[in-house]
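4 protein chains.
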Amino acid sequence: MATKKSKSNKENLMDNKVWGGRFREGTDEIVDRFNASIAFDRNLYSQDIAGSIAYCRMLAKQEIMSQEEAKQIIDALTEIKGEMDRGEFSFDEASEDIHGAVEKALVGKVGSLGEKLHTGRSRNDQVSLDVRLYVREAIGRMIALIKDMQRALIGLAEGNLDLILPGYTHLQRAQPVLLSHHLLAYNEMLKRDRQRFQENLKRVNIMPLGSAALAGSTFDLDRAMVAKELGFDEITKNSMDAVSDRDFVLEFLFASSALMMHMSRMSEEMVIWSSQEFGFINLPDALCTGSSIMPQKKNPDLPELVRGKTGRIYGHLIALLTTMKGLPLTYNKDMQEDKEALFDTVDTVELCLTVMTRLFEEISFDGERMREAVKKGYLAATDLADYLVGKGVTFRQAHEKVGKIVLYAMDEKKELDQLNLEELKTFDEQMEKDVYEWLDPALCIKRREIHGGTGPKGVKKRLKEAKREIET
Amino acid sequence: MATKKSKSNKENLMDNKVWGGRFREGTDEIVDRFNASIAFDRNLYSQDIAGSIAYCRMLAKQEIMSQEEAKQIIDALTEIKGEMDRGEFSFDEASEDIHGAVEKALVGKVGSLGEKLHTGRSRNDQVSLDVRLYVREAIGRMIALIKDMQRALIGLAEGNLDLILPGYTHLQRAQPVLLSHHLLAYNEMLKRDRQRFQENLKRVNIMPLGSAALAGSTFDLDRAMVAKELGFDEITKNSMDAVSDRDFVLEFLFASSALMMHMSRMSEEMVIWSSQEFGFINLPDALCTGSSIMPQKKNPDLPELVRGKTGRIYGHLIALLTTMKGLPLTYNKDMQEDKEALFDTVDTVELCLTVMTRLFEEISFDGERMREAVKKGYLAATDLADYLVGKGVTFRQAHEKVGKIVLYAMDEKKELDQLNLEELKTFDEQMEKDVYEWLDPALCIKRREIHGGTGPKGVKKRLKEAKREIET
Amino acid sequence: MATKKSKSNKENLMDNKVWGGRFREGTDEIVDRFNASIAFDRNLYSQDIAGSIAYCRMLAKQEIMSQEEAKQIIDALTEIKGEMDRGEFSFDEASEDIHGAVEKALVGKVGSLGEKLHTGRSRNDQVSLDVRLYVREAIGRMIALIKDMQRALIGLAEGNLDLILPGYTHLQRAQPVLLSHHLLAYNEMLKRDRQRFQENLKRVNIMPLGSAALAGSTFDLDRAMVAKELGFDEITKNSMDAVSDRDFVLEFLFASSALMMHMSRMSEEMVIWSSQEFGFINLPDALCTGSSIMPQKKNPDLPELVRGKTGRIYGHLIALLTTMKGLPLTYNKDMQEDKEALFDTVDTVELCLTVMTRLFEEISFDGERMREAVKKGYLAATDLADYLVGKGVTFRQAHEKVGKIVLYAMDEKKELDQLNLEELKTFDEQMEKDVYEWLDPALCIKRREIHGGTGPKGVKKRLKEAKREIET
Amino acid sequence: MATKKSKSNKENLMDNKVWGGRFREGTDEIVDRFNASIAFDRNLYSQDIAGSIAYCRMLAKQEIMSQEEAKQIIDALTEIKGEMDRGEFSFDEASEDIHGAVEKALVGKVGSLGEKLHTGRSRNDQVSLDVRLYVREAIGRMIALIKDMQRALIGLAEGNLDLILPGYTHLQRAQPVLLSHHLLAYNEMLKRDRQRFQENLKRVNIMPLGSAALAGSTFDLDRAMVAKELGFDEITKNSMDAVSDRDFVLEFLFASSALMMHMSRMSEEMVIWSSQEFGFINLPDALCTGSSIMPQKKNPDLPELVRGKTGRIYGHLIALLTTMKGLPLTYNKDMQEDKEALFDTVDTVELCLTVMTRLFEEISFDGERMREAVKKGYLAATDLADYLVGKGVTFRQAHEKVGKIVLYAMDEKKELDQLNLEELKTFDEQMEKDVYEWLDPALCIKRREIHGGTGPKGVKKRLKEAKREIET
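Protein chains in written order, with numbering that gives the first Met the number 0: chain A, 0 to 471; chain U, 0 to 471; chain E, 0 to 471; chain F, 0 to 471.
I should point out that these hints are in silico values taken from the structure, not numbers from a laboratory. Among the clues, some could well be false.
A pair counts as met if it fits within one copy or between any two copies, since identical chains are not told apart.
Listed next, the in silico DMTMM-like pairs over lysine to aspartate or glutamate satisfying Cα-Cα at most 20 Å (straight line) [claimed, not checked]: (1) Lys108 x Glu62; (2) Lys413 x Glu268; (3) Lys190 x Asp232; (4) Lys456 x Asp219; (5) Lys445 x Asp219; (6) Lys413 x Glu436; (7) Lys338 x Glu421; (8) Lys375 x Asp365; (9) Lys236 x Glu157; (10) Lys466 x Asp439; (11) Lys375 x Glu67; (12) Lys432 x Glu24; (13) Lys108 x Asp439; (14) Lys190 x Glu233.
Turn these sequences into a full structure, and let the hints steer you where they fit.
Next comes the structure, spelled out in structure tokens:
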């Protein structure tokens, strides 16, 4: 952590700065190290160059530079992009940020002509543009990956339509459900996640260039043209807001947090279901890991790690919320902290989505263990109460009676369908033989053909609908 | 904190429970105290009763109860609602929750008939319904209050179109801007806040009843009818998701967090601007407070407190995100923790919006102090560089030259417009008399008629547009 | 949310203020409503009065007031305290805060003499004092409650020394352990929690009075005397820090967060263990609740709710961290937001501790289910590898060999101890009959008498030690 | 994000695993990519090797391996460490983690002998050891860096003992204080920060090896010897807790959060003080940066960025708290998420401390601007009230009277010391000529020689004391 005061001559130190004129001495080495964002904002190179090319075209059209000048600049930028794409570009560690690195490379190729590109532009609006382009692309990938997971889930649900398992509340067996119904609950979560990213896009896809530092440019820029070139829907309406707004990043972090929360719930179930005690699922060896000491272990590391990474994304969200709190207008250096949180969120969530999708593609179920689980735990108790309601008992009384039947059965170490009619009649005279139809798990499920319920017909219908939804 | 084990007879203890049948002993007093949500979910009484009335109508239509029975129940519920509205209803502290309290009161009025109302319904879907109704109403109020604040801001911007002040980056004077332009930046923030609440509504306004505990009801319920009665756009598509989804609350907490973040930024500026050093604004005595020890103090408590309460709302967001992390399907008791965070968020944000609006209505500006501030700090330096660009200098060279002029002026203890033409020419021969037009703050502003910039015409146009926007 | 501008005469409005002189108009009703802390800081009444009594004694000793005056004031304060204790005091809703309410009541009793009490004091140092007294008491209760839980755990561990269950990693069965060893792991967590609260106390128990508003009082106050009267260890060393420091509250919130995290882990295990699939524990009916719709349900609401409330405490921590971020010195109104987060944390954590302790007192284990669980899942695999190491095989080779034995056994649908010696020898010739001693769960446990391990002697020793620790 | 299913032969894929025996197929490429921690836990190489060397010595002493074997292993480990130190070691990307990478390199050097090292050890206790060693070192550096900053602050305070400025509450001028007193308030914050790290150390410096996977090792390990070799104070007392405890990391993150919060407050003041409006400080050019568009700008980026990075550290704290919430015992893969948050916290906070210290070393004050600021704003009002108390007026009445004097002075556009005695007497007859002594800022400061106050003697004394404190 030692820090040298490098008071060597200013010229060298200012070489990589785009703002040296007013300074009497070079910046301290620690400032460069602390301030510089090049280590992470180089991620934005393709967005930065795409933005500059569109901006350059507009400058030419507006005759702020000549068509010939623009051509030279655009060719050079395209070259630089190629070098970066191929990993041939050597980033000067002394560059402050990606914008400075690109500009310097440009001047290296076309000489002082390159110094014209920044006319009417500031890093403040440029960075906003670059990040918007980056988020827009990330949203595109997120939505595609979410759809992949939905596809895997729907496939899994279709392939296991015959399986039933206990639905749980409070991790206590509650009522029998179709496994497919359970899996489609995940699909609903993902559907909302997609919607949120889609809505986020509305506030991402707005073009900020022309805002300059904060007050707007004095040059006659054609903002709409830049927007069109770059595929933006709108242009920003207030320059001071444009350079100090990070709402669109926060929304992305929130949409990601909600998505991670959903995946943490799926993960929790995979972990629980793959315990020896539940034994509902088998994860393939290829998606598990072992122990350095215990030879028998096969651990569900993937869902555990997805669950664990939820904290990381929540952390990024709270980090940027904290950073933005109480900042006066307009741009403040604090806002540079938006990028690493964003980049790590994109990388992490994409990887988690990919991993979970693989899991859903490879997972297999132990239908036998599930079926056994449905048999114990009085899961038909609600249906028994509903049966009594059919006989004219009020629901509360029916609930009370069935509660007592359950107590009796527990004492007898029997399940409800093991009680004979006589026993049942002691609790309510109206019980008839048809009561046993209400105690069969498969029939319990069939009885729930209400819209949104676990009834097999409804589930199949919903499966079809869900497939259609992901095609849009 | 002492806790008595109250093993008194079960009957009494179960009096207020809707699930006693299967239990051999009454619940412990600490369970009641810890579990009960009646202390806060009584907030939901009007939503709960509205939901029950609609549900009851549907039960009658579906002939699950008779029209006559339904009428009795609805009349009784309406009566109960009236008592609660008037504060005459005495909540039994022993009630577990608002649902139990209402049901008990209903049975008190109509006898065992009241026990029929819960047919086909569970607290799991009932609480989802109630909270959705609550959030829907809260969103309506939020949007109205945000519009109020936008109105106040627009009024303030219109009433002070002649004022200019420094625009800041890094809290350093940057370029002159119209005060109205600055205030309209706030308006942009609020516009996005409204959008977010509006989008939140899409996922709120979906009707969950019929999902029952988790698997769907066995009764032939007309879910669409209930939705229509209560003004919902859709019905939920998966019963397991319906009872375990709290996304719509999380979104509300996030939209509130972003809004509070914006208000914290406005507050920070009010606090800074009302310091003696800045002196840009005067807060009326009636909106300030004093000190118990320092007789001269007049403190901007309101914006400070708004800024401080930002943490509270972030805290609620992270609280519910944490609670939901890793929960298996479907309902778990943890989820009861959604309510207090939500209620306090609604109350806090509404109050903050009201307070900030009052501030914007009452605030006055010290135009003289602002104008003075614009004069010092070389705020026209960018325009001077742009002037040189007009003479054919590349932007980077122009920037460098003006940097050196600023250094020179600082040494001479002069501002840019105090340098004579001779002095300016030593930095670039092309300087002419017209350069002084580029150094006048008012003209700096006029030169920025670019869309979104601080130019007076553009600002006026944007004001008109902004007014129209809040009428939609 | 409507807000009336109450410009009625100033005198009335300023009645309850301690700072009216410099104001030309009364404060707006919304200011009072928004700013006032009386609704929650009345919690601090006993601390406030205790502080005032000590302060008053010192003023008399320093001859800033007479002994006679002090006596009158102290008597009156004691009376007020009594009224508040008995719930007879009617808090004037118009009071700004508890300090104003007490001062007003004092003046009501002793006339203008009461106005002398605030000599040399500010609300800024007064509120710091009150909160410090409050946190000090809360820490005392926390520590006592944690000890109660440790006692319950130790009792449970002592009473079940014969029970074994699988120890888990990744929720997969790993190695057999004593239940008591598992329970003592909780005890270690709680031990650290106690330490943290204890350390927190060091920074709480410092007396701030004399700091006045921010710069120190001009009166000749004997700060050490006040500290001694109130049982403080030290006095604050810098007045500006004293009135703007909330570290001690943040530490309390963090210590509480860590404690809740621990309880969330215990809760998770209780929930999982009380599932039908695990079936390791029975929660008594009196500590569970049922379902409004499913008559058979008995839900572990208490641990679920404790787990859920973890989010709430994390939220309070992040709320105050956010509030304090970026505040300039010294006191800012934002800091008023410390109190509700603190109070709710104290109430919530105390209740959670009480509830968890009750659970540990009442819980019973199903030793049979646990023992069965130990038998399946190859939990002795590590011991088998260790056995081979004893024969001179390197650990990695032993691990590899046992891995293959496990695979073989799975194919044969056998557990390790069901393989005969011949079968075992095919994997390593050196296997002898004594290998079966390494496959018996009870012996696996006995073999781990290493310090800190699950060996029965070590566990018993640790139990004794743990008992001693909570007596200190 | 594409993911290939690499079902190539298992042998290769398991090459870098320490647990292959029981697996029928190689792990999927995505598992390796997602699970592997080698990309970040290579940071722990020196801790890992130090731990292994100590462990190896103990194995030899306990005759679990021979002295000769141990020597070979230790020599090889030392060689590996050297290669890593010099950057010559090529990390195999296929390694799962640093433990596997080191073990593989060891086997590469000494053959199958290397496979003995893991005897009696698990990655679960090994990773706990490594992280504890890492945090211990980090705490050492943190404490040293905090002391450096305290030294810089004390130097600054000593060098500017003659400067006065307004003390602020609510960012409103309150009372005159010595600049040195203000700077010493920062010192108090840092003192507490040091204490917290020091206390954290108690729970860090406990040796976990011997806990093995979770239940303790079956080998006769001398845990105390390992602890002594590695400088630990204690050994862990419960193996299940030892492998699932991350409290010591959480505490470190909290102590860092509190420290960042303090630095964010100092930063906020630097930013405000370096605004043109306040103008209290000058940051040297070498510690500032400029604008890409505005040639005159000199921005306080460093304190802004420190302030902004506060969010990042809060984020890491909430991330790990979230991750740990609700995890059952013992080790779960989620816990791997502790490392990146920890590493980034260490790097970030160290850099922020270094940067802030540099700022305090280089900063200079504009004593003239500060003095002017003290003159306006009625900062002596409290002293005037105290003066009246000296004449027998009760404090409340004195406060009221002075409030009215301030109002009068404002109307007259005068400061208090510009009012003549006649004018003052109209508010209280007892005013005498000596009142002007109470209105002189320098005397206001001198009058506060109360312990902890801003009186010059006290401040000098505290400076001496503070110097002594950082020598311990």
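Each hint tested on the structure:
Taking CA atoms no more than 20 Å apart as the test, Lys108 paired with Glu62 passes in neither setting, with 22 Å inside one copy and 69 Å between copies. In this assembly of identical chains, Lys413 and Glu268 lie within 20 Å of each other by CA distance neither inside one copy nor across copies; the values are 29 Å within and 27 Å between. Taking the shortest Cα distances, Lys190 and Asp232 sit within 20 Å of each other only across copies (17 Å), while inside one copy they are farther apart (24 Å). Taking identical chains as interchangeable, the C-alpha atoms of Lys456 and Asp219 lie at most 20 Å apart only when they sit on different chains, with a minimum of 15 Å there against 63 Å within one chain.
In this assembly of identical chains, the alpha carbons of Lys445 and Asp219 lie at most 20 Å apart only when taken from different copies (13 Å versus 69 Å within one copy). In this assembly of identical chains, Lys413 and Glu436 lie within 20 Å of each other by CA distance solely inside one copy; the values are 17 Å within and 39 Å between copies. For a Cα distance limit of 20 Å, the shortest separation of Lys338 from Glu421 qualifies neither inside one copy, at 71 Å, nor across copies, at 46 Å. Taking the closest pair of Cα atoms, Lys375 and Asp365 come within 20 Å of each other both inside a single copy (17 Å) and across two copies (17 Å).
Taking the shortest Cα distances, Lys236 and Glu157 sit within 20 Å of each other only across copies (17 Å), while inside one copy they are farther apart (49 Å). For a Cα distance limit of 20 Å, the shortest separation of Lys466 from Asp439 qualifies neither inside one copy, at 31 Å, nor across copies, at 52 Å. In this homomeric assembly, Lys375 and Glu67 never come within 20 Å of each other (Cα to Cα): the closest approach is 81 Å inside a single copy and 41 Å across copies. In the homo-oligomer, the alpha carbons of Lys432 and Glu24 never lie at most 20 Å apart, since the shortest distance is 97 Å inside one protomer and 32 Å across protomers.
For the homomeric pair Lys108 and Asp439, neither the shortest alpha-carbon distance inside one copy (79 Å) nor that between copies (38 Å) is at most 20 Å. In this assembly of identical chains, Lys190 and Glu233 lie within 20 Å of each other by CA distance solely across copies; the values are 15 Å between and 26 Å within a copy.
Of the numbered hints listed earlier, those contradicted by the structure are 1, 2, 7, 10, 11, 12, 13.
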